[in-house]
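**Q** Each chain, written out:
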Amino acid sequence: MPQRISRDEVAHVARLAKLRLTDDELDTFTEQLAAILDHAQDIEALAIDDVEPTAHPFPLRNVFRPDLVGPTLDREEVLLQAPAVEDGRFRVPPILGEEP
Amino acid sequence: MSDLGLATSTVAPSFVITSERTGRVWELVIGLEVHCELATATKLFCACPNRFGDEPNTNVCPVCLGLPGSLPVLNERAVELAMRIGRALHCKVRPSVFARKNYFYPDMPKDYQISQYDQPTNVDGYLELPSGARVGIVRAHIEEDTGKNTHAGQGGRIHGADYSLVDYNRAGVPLVEIVSAPDLHSPDDAKAYVSELRAILVAIGASDAKMEEGSLRVDANVSVRPAGSDELGTRCEIKNLNSIRSLGRAIEYEARRQVEVIESGERVRQETRHWDEEAGRTRSGRSKEEAEDYRYFQEPDLVPLEPSAGWISAIDENLPLLPAERRARLAERAGVEPTHSSVAIAVERGLDALAIGAIDAGGDASRVLTHVEHNLAVGGAEDLDPALLAELVTMELEGKLTATQAKTVLAAMVDSGRHPAEIARERGFEAMDTGELEALVDEIIGANPTEWDDFVNGDEKRRGKLSGFFTGQIMKATKGKADGKAVNAILNKRRAQALGQ
Chain W
1 MPQRISRDEV AHVARLAKLR LTDDELDTFT EQLAAILDHA QDIEALAIDD
51 VEPTAHPFPL RNVFRPDLVG PTLDREEVLL QAPAVEDGRF RVPPILGEEP
Chain G
1 MSDLGLATST VAPSFVITSE RTGRVWELVI GLEVHCELAT ATKLFCACPN
51 RFGDEPNTNV CPVCLGLPGS LPVLNERAVE LAMRIGRALH CKVRPSVFAR
101 KNYFYPDMPK DYQISQYDQP TNVDGYLELP SGARVGIVRA HIEEDTGKNT
151 HAGQGGRIHG ADYSLVDYNR AGVPLVEIVS APDLHSPDDA KAYVSELRAI
201 LVAIGASDAK MEEGSLRVDA NVSVRPAGSD ELGTRCEIKN LNSIRSLGRA
251 IEYEARRQVE VIESGERVRQ ETRHWDEEAG RTRSGRSKEE AEDYRYFQEP
301 DLVPLEPSAG WISAIDENLP LLPAERRARL AERAGVEPTH SSVAIAVERG
351 LDALAIGAID AGGDASRVLT HVEHNLAVGG AEDLDPALLA ELVTMELEGK
401 LTATQAKTVL AAMVDSGRHP AEIARERGFE AMDTGELEAL VDEIIGANPT
451 EWDDFVNGDE KRRGKLSGFF TGQIMKATKG KADGKAVNAI LNKRRAQALG
501 Q
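Here the protein sequences line up with chains W and G, keeping their order. This note's numbering numbers the first residue of the first sequence as 1 and each following residue consecutively. This note's numbering numbers the first residue of the second sequence as 1 and each following residue consecutively.
The reader is advised that the hints may include incorrect statements.
As the list claims (entries may be wrong) - Cross-link-like lysine-lysine pairs, in silico, DSSO-like; alpha carbons within 27 angstroms at most: (1) G/Lys101 <-> W/Lys18; (2) G/Lys191 <-> G/Lys148; (3) G/Lys461 <-> G/Lys400; (4) G/Lys148 <-> W/Lys18; (5) G/Lys110 <-> W/Lys18; (6) G/Lys239 <-> G/Lys148; (7) G/Lys400 <-> G/Lys481; (8) G/Lys239 <-> W/Lys18; (9) G/Lys110 <-> G/Lys191.
Think of the hints as simulated: they come from the structure by calculation, not from any bench.
My request is simple: use the sequences and hints to build the entire structure.
**A** Listed below in structure tokens is the structure:
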């Protein structure tokens, strides 16, 4: 049976999640993730052609709130939670040419 | 929504780059992604105010700060406005679900942005440019805006910044991202598309669409290909375009850069590039492939959005006339083509209703359009009484006012709302009668024999110059009361006589 997920793919996912994994950990997680994907394969094997795709477990649609302004948090209290603050703003490490 | 029978066509590539080195001819393929902030009172998923320019981090709550245990609830007004955008762009509104776009970046404290992915609200529309050409709209989906980073050190640029400061007032503000098909082929087309889109967004009240405040943001996907080819080249996405002018400049720069890269035997790398307005160039950002691995999945904290047919038709009924329809309406009344430049300008300035009113009140259509195009680029012009504009135009046509005098009277009408005849009388604007004017022209001719000889016998260029000289002399003698057209006619008549024709 072909491998469900390659070691390289696991390394890629780890990189996206900003995780630094050792070689041993990569091996372990490749095995574990493959097992999870195997389980997904079991579900794929079920005959579900006549089942509608489900976006949400509750049979709800169109849940809205009205466009009315509510209370906001106190800025001092919010900024107290931050490791570093400057000029009323959160101070974060430099961003290395990586912008969404 | 009626289409008023406007012409259908796709934009034809008319702009090409000819390589100086090889003589090869290249054409551009451009697709635009426009983000517009919706004009709601609150954010997309929480009740924080959606307001530009407030003190940093004052419009925040547990939801938009991504605090544990908080849950998003969708703003109904934002959905309404998003659907208005979709319908104004002739899109289908369809059932949709929200998705999480995962990435690590400090502008989103949740570490994901809630967006729509494979099931957006609006799909398959088009936008019609003032030229009549149609640009496809692939989708217009709802998403939340991110916080604002300020890069400290190194002149505020991302590259080489020492650290960044984050303000979350903008995090969670409702956005619609409008994605065009790659139907645009020149910097001017791209600029016309954004101008038209902005006019539509403002007309339907969906956004204030100010590029300078960031409530309208444009990213351009640009690629080049040999002229006549159907293939798509590798594209680059240009960001940081702060005005329509920089959009045009950036596209042209980027296209020339890509031609240069390809012709030097290298390949264009698919990437994001930032426009540097001062340097007038684009700079490489991150490589696109890896960054696009956003691991989208359906947002479990929100239920599907399924606007009813009734809601959609109510939106259609409440849409105002759109710029394209207003151009068609004015063109029809004025008896000109909808692509006539003065028609587009009238609609852009919101003066089409005034022009139509003046034409309906008996004003000459071509004079009315001329005034709207050249003499009414001022605030308050839209409050002008159309009947009075019609009267001004009629006075002009009857020879009671010269074009220059009419312009002066019009300016006074905008300022005071008063009657043109009254203003003309006050200023002593009474056109000279023809006999009087002819006598004066003869006098000036007699006083300048050398110039006159030159005018009679000179080539066309010389004649044009001297006609300006004589008109100037006559205007000076009459303090601007003479009608320039009438003066020209007399000068040409006298010249024909002098040549014995």
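**Q** Are the hints correct? Go through all of them and say.
**A** Here's how the hints hold up against the structure:
no., hint, verdict
1, G/Lys101 <-> W/Lys18, "holds, 16 angstroms"
2, G/Lys191 <-> G/Lys148, "holds, 26 angstroms"
3, G/Lys461 <-> G/Lys400, "violated, 31 angstroms"
4, G/Lys148 <-> W/Lys18, "holds, 22 angstroms"
5, G/Lys110 <-> W/Lys18, "holds, 15 angstroms"
6, G/Lys239 <-> G/Lys148, "holds, 15 angstroms"
7, G/Lys400 <-> G/Lys481, "holds, 10 angstroms"
8, G/Lys239 <-> W/Lys18, "holds, 25 angstroms"
9, G/Lys110 <-> G/Lys191, "violated, 35 angstroms"
Against the hints set out earlier in the document, violations occur for numbers 3, 9.
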